[in-house]
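Throw the hints in and build the complete structure from the sequences for me.
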Amino acid sequence: MIHIPFVGNPNTGKTALINAIAKSDLEVGNWPGVTVEKKEAKFTYDREKIALVDLPGAYTLSPYSLEEKITRNMLAEEKFDGIIDVIDTTNLRRNLYLTLELIDMQQPMVVALNMFDDFTKRGYELDSDKFQEILGIPTIPTIASKGLGTQKLIDSAIAAVKKHTLPHIQPYQEHIEKEIAFLIHTMPKTDLPPRLFAIQLLADDPYALSLAKTLEGKKLIEKAVQARGRLEAHMKLPIKTIITRARYEVIDRLLELVLKKPILDKVLLSEKIDAVLLHKWLGIPLFFTIMMLMFKLTFDGSGSLVIWVSDFFQDYLGKYLSLGFQDTAPPWLVSLLTDGILSGVGLVLSFLPLLFLLYFFMAMLEESGYMARVSFLLDRAGRALGIKGNAFISMIIGFGCNVPAIYATRALTTKRERIITALMIPMMSCSARLPIYALFTAIFFQEHQVLVIMSLYLLGILVALLLGWISNHILSSEESKPFFLELPTYHMPNMKAVWVLMWPKLKDFIVRAGTVIVMASIILWGVIKLPAGTDPQDSYLAQTAKQITPVFKPAGFGEHWEPIAAMIPGTLAKEVVIGSLGTIYGVETKNEISKSTFKDDTITQLKALKEAFVNAFLHMFNIHMKSLNSEQQANTLQHKLKDQFASPLAAFSYLVFILLYIPCVSTMAAIKDELGTRWMLFEIALLPLVAYGMSVLVYQLGSRFF
Amino acid sequence: MKLSELHPKQKAIIKSIGDIGELKNRLMELGVLCGEPIQVIRIAPLGDPIEIRIGDEHLALRNEDAQKIEVEAISQLRKRERKGLS
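Chains as they are written, first to last, in the working numbering: chain A, 1 to 706; chain B, 1 to 86.
Misleading hints may appear alongside valid ones.
Taking beta-carbon pairs under 8 Å as the criterion, some of the chain B residues facing chain A (in silico) [what the hints assert, rightly or not]: (1) Glu22; (2) Met28; (3) Gly31.
For each label pair, taking beta carbons as the anchor points, the in silico distance ranges come out as [what the hints assert, rightly or not]: (4) Leu506/A with Lys9/B: 44 to 50 Å; (5) Glu22/B with Ile273/A: 29 to 35 Å; (6) Gly47/B with Met495/A: 45 to 51 Å; (7) Lys236/A with Glu70/B: 17 to 23 Å; (8) Glu70/B with Met519/A: 58 to 64 Å; (9) Leu209/A with Gly47/B: 38 to 44 Å; (10) Gly47/B with Leu506/A: 37 to 43 Å; (11) Leu458/A with Glu22/B: 35 to 41 Å; (12) Glu22/B with Met1/A: 34 to 40 Å.
Within a straight-line C-alpha distance of at most 16 Å, the following computed EDC-like cross-link-like pairs (lysine to aspartate or glutamate) qualify [claimed, not checked]: (13) Lys607/A with Asp311/A; (14) Lys529/A with Asp339/A; (15) Lys260/A with Asp56/B; (16) Lys24/B with Asp204/A; (17) Lys607/A with Glu271/A; (18) Lys642/A with Glu562/A; (19) Lys481/A with Glu22/B; (20) Lys481/A with Glu64/B; (21) Lys15/B with Glu36/B; (22) Lys24/B with Asp56/B; (23) Lys24/B with Glu70/B; (24) Lys68/B with Asp56/B; (25) Lys162/A with Asp46/A; (26) Lys272/A with Asp56/B; (27) Lys240/A with Asp19/B; (28) Lys121/A with Asp56/B; (29) Lys9/B with Glu271/A; (30) Lys42/A with Glu77/A; (31) Lys69/A with Glu22/B; (32) Lys481/A with Glu70/B; (33) Lys219/A with Asp204/A; (34) Lys2/B with Glu36/B; (35) Lys261/A with Asp56/B; (36) Lys280/A with Asp48/B; (37) Lys15/B with Glu72/B; (38) Lys240/A with Glu22/B.
Everything labelled a hint here was simulated from the structure, so no lab data went into it. Model, not experiment: these values are computed from the prediction. Each residue gets a CB set at the ideal place from its N, CA and C atoms; glycine is no exception.
Next up, the structure:
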């Protein structure tokens with residue numbers, strides 16, 4: 001098997017390139033222990049097995065970010081046969097810095113001059129023959145977005161591996177070369193590339209020093225200190241400056257020979273776009289407009305499909321599963337299968353249309369280069385919370401649904417930022433909470449319905465900010481590094497690459513989060529329906545709720561157990577609270593199993609699916625307001641509820657609790673998926689406490705004033 | 001003068017980079033070296049960070065770090081050159 005890693009700066013189009021070469025063979029996973037994506041392609045080339053690995057984007061081999069660290073470690077510790085160095089040709093000077101470091105590794109290598117079309121469009125010219133001659137390796141112009149040059153790239157890469165074509169060393173100035181030679185001479189036998197290792201030791205690179213220690217290279221480290229001392233004394237500059245300057249001197253000398261710049265720099269399209277999108281006054285309103293648009297397209301575009309999936313599981317699969325087993329299995333088992341397992345699976349799958357669209361738009365924001373702009377626009381706002389500007393995108397998504405919002409935190413760079421953002425997201429009042437507000441405000445606040453609902457949203461934001469601020473002060477900040485950001489040139493996102501990358505993420509959700517959601521669904525089924533054959537009033541759920549109800553007296557709703565009980569199944573999905581209240585009060589209209597035939601039902605489902613697709617498409621482009629009325633079962637339920645809360649304030653306090661306690665098991669599963677089990681358990685413990693504290697505060701303060 | 005004191009669109013030459021920790025090495029690796037021309041493109045709507053251009057690339061830095069980078073505005077340079085000539 002021939003292993004060839006793709007190395008290059010961030011935003012050079014590596015993924016699109018590897019995707020164009022590997023086509024459908026691309027596998028997406030995670031690097032061990034981190035949530036950085038690992039893309040790999042294995043295929044057969046001329047009867048030989050080839051493995052291409054897409055290393056995370058790196059500016060240099062002295063890492064600043066987690067991604068760069070992975071790349072550096074891979075190159076130092078893993079075995080490979082050759083390197084494909086992907087360069088953004090429009091930014092040759094900076095990209096060649098990494099190329100020089102790779103050349104110093106002295107491995108078979110090929111350079112991909114990517115985005116070559118943009119490069120020539122700007123009026124640049126490159127003397128390709130001379131460039132290849134100086135570097136001693138093939139340099140292939142490629143246009144990843146159109147798949148041009150990719151065949152030649154892989155051909156020459158494999159030829160370079162076979163012939164063991166090494167790049168020519170680009171020598172630095174004499175004094176530096178002398179010290180490099182001196183260090184290589186004293187180096188014990190090692191698998192590390194001697195020249196690069198010597199340079200990194202000279203440059204006082206901590207990783208190189210730690211590697212030297214494992215080689216019992218005490219003498220080597222001493223020699224490196226001496227060499228560094230001599231150089232610094234001679235040049236009267238710190239070592240990092242000496243090395244960096246030396247590299248840029250080599251680059252500038254090389255570019256002098258091969259690059260012809262246009263006489264007049266064109267004002268780039270990218271700069272014109274930024275003049276609008278980053279405008280002093282327009283920038284932030286435009287950000288919110290783009291977010292509104294994405295929000296609308298995601299949630300309106302998936303809404304009817306989400307409903308179809310859950311209906312399909314309940315009315316169709318559920319019906320035939322219970323029909324099939326009702327004669328052979330005891331009723332509790334049928335109920336476990338349909339209400340426990342099947343509805344859990346249905347819940348998992350109903351997220352797919354939503355996540356599909358969300359991942360799509362997130363990838364578009366990322367690939368186009370706008371994500372970096374969001375960080376730029378909102379950096380100031382996020383600083384007090386210790387998060388980057390683009391964390392706000394996750395939070396805005398949270399108002400639609402917390403689950404994709406948690407997954408969207410993956411775009412953030414450090415784990416610390418991810419944790420802070422993920423702690424804030426559950427406070428964003430998602431659309432599943434709205435029907436509950438609607439029901440209660442219609443009963444208790446008929447005149448100020450909108451105002452009360454608005455105040456709940458604002459309260460959620462306030463609590464989120466508070467939590468973010470607190471966690472920024474508590475969490476150790478050793479991980480955070482001084483801020484810098486590249487604003488890459490805008491690009492048309494490569495659709496093919498986006499598509500290929502989406503499916504693995506969805507699969508990941510089904511498998512990993514899905515397991516947790518189905519488990520939770522089964523447990524909740526047990527709590528609600530057991531002991532078998534009892535009334536809702538005697539179930540374990542009711543028994544538990546009766547026990548804990550008095551705890552809520554300070555919050556104003558500790559008199560009756562029913563609203564408390566409804567919140568437990570509500571953790572499956574918030575809107576379930578309404579249905580559960582209906583069940584508990586015994587006001588729901590039982591769904592009779594319809595007598596229609598299998599064939600009719602199948603046709604109905606297919607028709608509904610078609611309609612759902614049409615509606616999804618139409619809703620994306622239509623402005624349509626969801627009505628605030630949930631009319632089903634409302635009348636009887638409303639009467640019952642009115643008696644259960646002593647005052648409107650008590651009802652409001654209940655809504656505050658609904659807003660802030662565990663959003664749903666799916667969100668918890670997403671947190672486990674992204675941050676690990678510990679953080680999920682922490683959230684499960686923290687959220688009810690926050691909710692309890694806030695509703696007590698609201699009730700106690702409220703009863704003083706009203 | 002400091003990089004943070006430049007106006008949008010103003011060009012300057014980098015004189016020295018002060019103590020900005022690890023960021024210093026990273027900026028140097030990206031081409032922010034003494035003697036190189038640098039241009040402030042814009043200031044973010046909330047007043048911070050600032051967008052700079054070095055060579056063909058656009059970077060964003062926070063004000064607190066830009067304050068520690070000494071530059072000489074190109075207009076100032078020209079004035080001094082003219083004085084030198086007369």
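>> Name the hints, by number, that the structure is in violation of.
In response: 6, 17, 22, 24, 30, 32
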